[in-house]
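Asker: Kindly produce the complete structure, drawing on both the sequences and the hints.
Protein chains in written order, with this note's numbering: chain A, 1 to 371; chain B, 1 to 322.
Any given hint might turn out to be false.
Claimed, not checked - Restricting the straight-line Cα-Cα distance to at most 20 Å, the calculated cross-link-like pairs of lysine to aspartate or glutamate (DMTMM-like) are: (1) B:81 x A:313; (2) A:229 x A:218; (3) B:81 x B:139; (4) B:312 x A:218; (5) B:162 x B:88; (6) A:255 x A:63; (7) B:312 x A:63; (8) A:229 x A:219; (9) B:81 x B:144.
Stated by the list, open to error - Short, incomplete list of chain A residues facing chain B, as computed with Cβ under 8 Å: (10) 137; (11) 139; (12) 328.
If you're looking for bench data, these hints aren't it; they were derived computationally from the structure. Only a predicted model underlies this, so the values are computations on that prediction, with no experimental measurement involved. Don't be surprised by glycine CBs; every beta carbon is placed ideally from N, CA and C.
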Amino acid sequence: MSDWLSDLIFWIAVAAILFGLRRQRIFWTVGALGLLLVFNQFFTPGFFHLQVLDGHLYGSRIDVLNQGAKVMLLSLGMVLVIATGGVDLSVGAVMAIAAAVSSRLLVTQHLPAGVAIAVALGVSVLAGAWNGLLVAGFGIQPIVATLVLMVAGRGIAQLITEGQIINFLDPTMVYLGNGHLFGLPFTLTLVIVMLLLTHFLVRRTALGLFIESVGDNDEASRYSGINAKQVKFLVYTFSGLCAGLAGLVACSNIKSADANNIGLYLELDAILAVVVGGTSLQGGRFYLVGAVVGGLFIQTLTTTFYAKNVSSDIAPVPKALVIIAVCLLQSEVFRTRFARVLSPIEKFLKPVGSWLPRHLPTTARHDSPKS
Amino acid sequence: MTRLNPKYIPLVATAVVLVAVFGTGSALYPNFGTPRVFVNLLNDNAFVGVAAIGESFVILSGGIDLSVGSMVAFVGILIAKLLQVGCDPFLAMGIALCAGTFAGAVMGCLIYFFEMPPFLVTLAGLFCLRGLGFVIYPESIGIDHPFYAQVLPQLSILVAPKAVLPFTAMCFLASVLVGTFIASFTRFGRNVYAIGSNENSARLMGLPIAQTKILTYALAGFFSAAGGVVATFYMQSGNPASFVGLELDAIASVVIGGTLLTGGVGFIPGTLMGVLILGLIQTLINFNGTLNSWWTKIVIGVLLLIFIVLQKLISRRAVTQL
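Answerer: Rendered as structure tokens:
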């Protein structure tokens with residue numbers, strides 16, 4: 001298939017998705033991602049090139065999906081934590097612990113990969129439960145409670161690897177981050193399965209409602225019979241599990257466990273993904289798919305910088321500007337103060353199609369339609 | 001015996017830990033309790049300490065500043081680059097301090113005017129300053145200016161036999177004094193405590209919230225930049241990739257120093273003790289020789305935990321007493 005034809009199909013699909021989401025809050029996140037892709041279509045030669053090798057798809061867009069898996073996995077856990085009004089700073093450190101545990105068991109103890117992965121995930125769940133215990137059990141501020149593991153976690157990971165970078169070649173472990181399924185990276189399947197699982201868990205049961213309720217007002221939730229502590233404990237534990245999975249993918253990507261660098265600063269990317277996805281840091285209503293698309297957006301941004309030869313050292317500057325811009329757009333004060341500037345933009349957008357949402361994204365928790 | 005005011009309990013606990021750690025070291029190693037070790041402790045942790053003073057103000061006001069490490073690295077490379085192109089060292093330091101204060105003030109404005117979470121704004125500051133450092137120069141630059149090479153080493157005082165108090169340590173102690181003065185003896189300091197305790201009450205009392213908040217972040221920027229200046233004295237170089245995670249050390253020092261992370265309670269001398277405790281743990285692990293350096297992180301994590309739980313218990317008791 002020639003490139004222009006596949007591009008055309010791709011853009012028709014993007015337009016269709018955007019049209020389908022026109023009344024959803026996630027429209028803005030997907031729209032931002034679309035804008036970034038439009039930019040790449042015109043200014044980054046080769047970004048849209050796709051090729052098939054050994055029955056697997058390769059190309060920059062596939063790289064984005066593969067590399068973005070870590071942030072997307074993290075953001076699944078993070079969005080629930082943030083929905084309860086908390087934040088989990090320890091996910092990067094938990095990733096390092098999971099990587100250290102699995103590769104240590106694999107290489108030094110010669111255990112089968114399945115056992116190593118299971119134990120690593122178990123340890124991550126324990127780490128998450130520890131955060132949950134501090135936040136829910138002792139009532140410590142989430143930033144502070146998870147800071148403890150953020151500081152100590154890397155030390156623990158170093159202790160497990162004994163300060164070494166452990167390399168491994170076990171096919172199962174390598175497959176996790178590098179393998180292909182149905183021609184696409186396996187990590188994509190992993191993200192989709194986790195997304196569906198989480199979606200089922202929070203939207204098909206009452207758990208999602210409880211989480212939003214606790215995030216909105218945990219006292220009121222308690223009085224109406226919701227076990228707020230239990231809900232909080234659960235979300236931190238789940239965040240630990242997601243971080244563990246992300247850690248396994250991260251170490252599988254590079255076929256080694258480097259306790260110092262795995263997941264470094266990834267907690268920030270995950271928080272950013274959640275915020276870009278439309279979930280307010282104040283807690284309350286949350287957008288699961290939004291967070292995952294937010295993660296994709298951040299990875300696309302990073303990949304664009306690399307494609308444009310922006311040094312990975314300087315890349316944080318534009319990233320920071322994006323954070324500030326997104327937060328400003330979500331800030332109620334900014335929107336009221338600059339209504340004169342913003343409302344013409346909204347008016348301009350209106351005739352573009354009556355199908356556009358009526359308002360720019362806000363963090364308002366009560367008036368937004370249910371997604 | 002008069003009952004201890006609950007606000008002093010964390011400070012006393014910090015002092016007890018400091019004495020205990022120092023006592024353990026002295027008991028285990030004969031050379032540990034010498035003035036020389038203590039002076040080295042002040043010297044090695046001077047830049048963290050100076051930056052932690054600024055962090056204390058932000059935490060006292062109920063906020064948090066994550067941009068410390070990036071700021072120190074940014075200022076380091078800025079000064080090194082300015083000296084390389086032939087700038088006067090005092091002018092370079094002045095520019096660096098102004099840049100730091102300005103960056104802090106900008107973050108403060110974003111936080112106050114747009115009601116954005118301090119955590120996110122300073123996170124953006126972290127990214128921005130780290131990247132800007134690399135824009136100035138992507139690699140480490142050594143400083144061989146005569147001021148650094150010849151004048152600085154002479155600016156030290158012999159405090160005890162074989163123990164020379166270097167200029168960096170003096171900067172640290174001076175910052176603690178200045179910080180204590182600002183926090184405890186000025187109107188601005190009282191306003192910071194008031195806002196940290198309860199921002200709404202402070203607003204209803206008619207305290208200048210805007211001015212105080214922006215000034216707090218500007219002050220934190222100034223102290224972080226000063227930490228960067230001290231770091232150039234100590235390292236004799238500037239490197240944009242250095243001091244990753246320094247903000248965590250600074251925050252840990254403040255918390256272990258007995259300042260409540262919820263704001264409103266704490267003392268600047270506590271931060272001095274917090275920095276010394278972290279430094280002593282590092283020194284102890286160095287003296288031991290068989291323990292690996294990653295134990296430092298674990299011990300700091302455990303200490304953090306103890307202090308956070310202690311704070312929680314105290315604030316819970318304070319609430320039940322009301």
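Asker: Each hint should be assessed against the structure and marked as holding or not.
Answerer: How the hints compare with the structure:
1. B:81 x A:313: Given that 20 Å is the threshold and the Cα spacing comes to 17 Å, the pair holds.
2. A:229 x A:218: The given pair, whose Cα atoms are some 9 Å apart, holds under the 20 Å limit.
3. B:81 x B:139: Distance ~10 Å between residue 81 of chain B and residue 139 of chain B Cα, so the pair holds.
4. B:312 x A:218: With Cα atoms ~19 Å apart, residue 312 of chain B and residue 218 of chain A stay inside 20 Å; holds.
5. B:162 x B:88: Measuring from Cα to Cα gives roughly 33 Å; hence the hint is violated.
6. A:255 x A:63: 17 Å, holds
7. B:312 x A:63: 46 Å, violated
8. A:229 x A:219: 11 Å, holds
9. B:81 x B:144: 11 Å, holds
10. 137: Where the cut-off is 8 Å and the nearest Cβ of chain B is about 11 Å from residue 137 of chain A, the hint is violated.
11. 139: 7 Å, holds
12. 328: Check passed: Cβ of residue 328 of chain A comes within 6 Å of chain B, closer than 8 Å.
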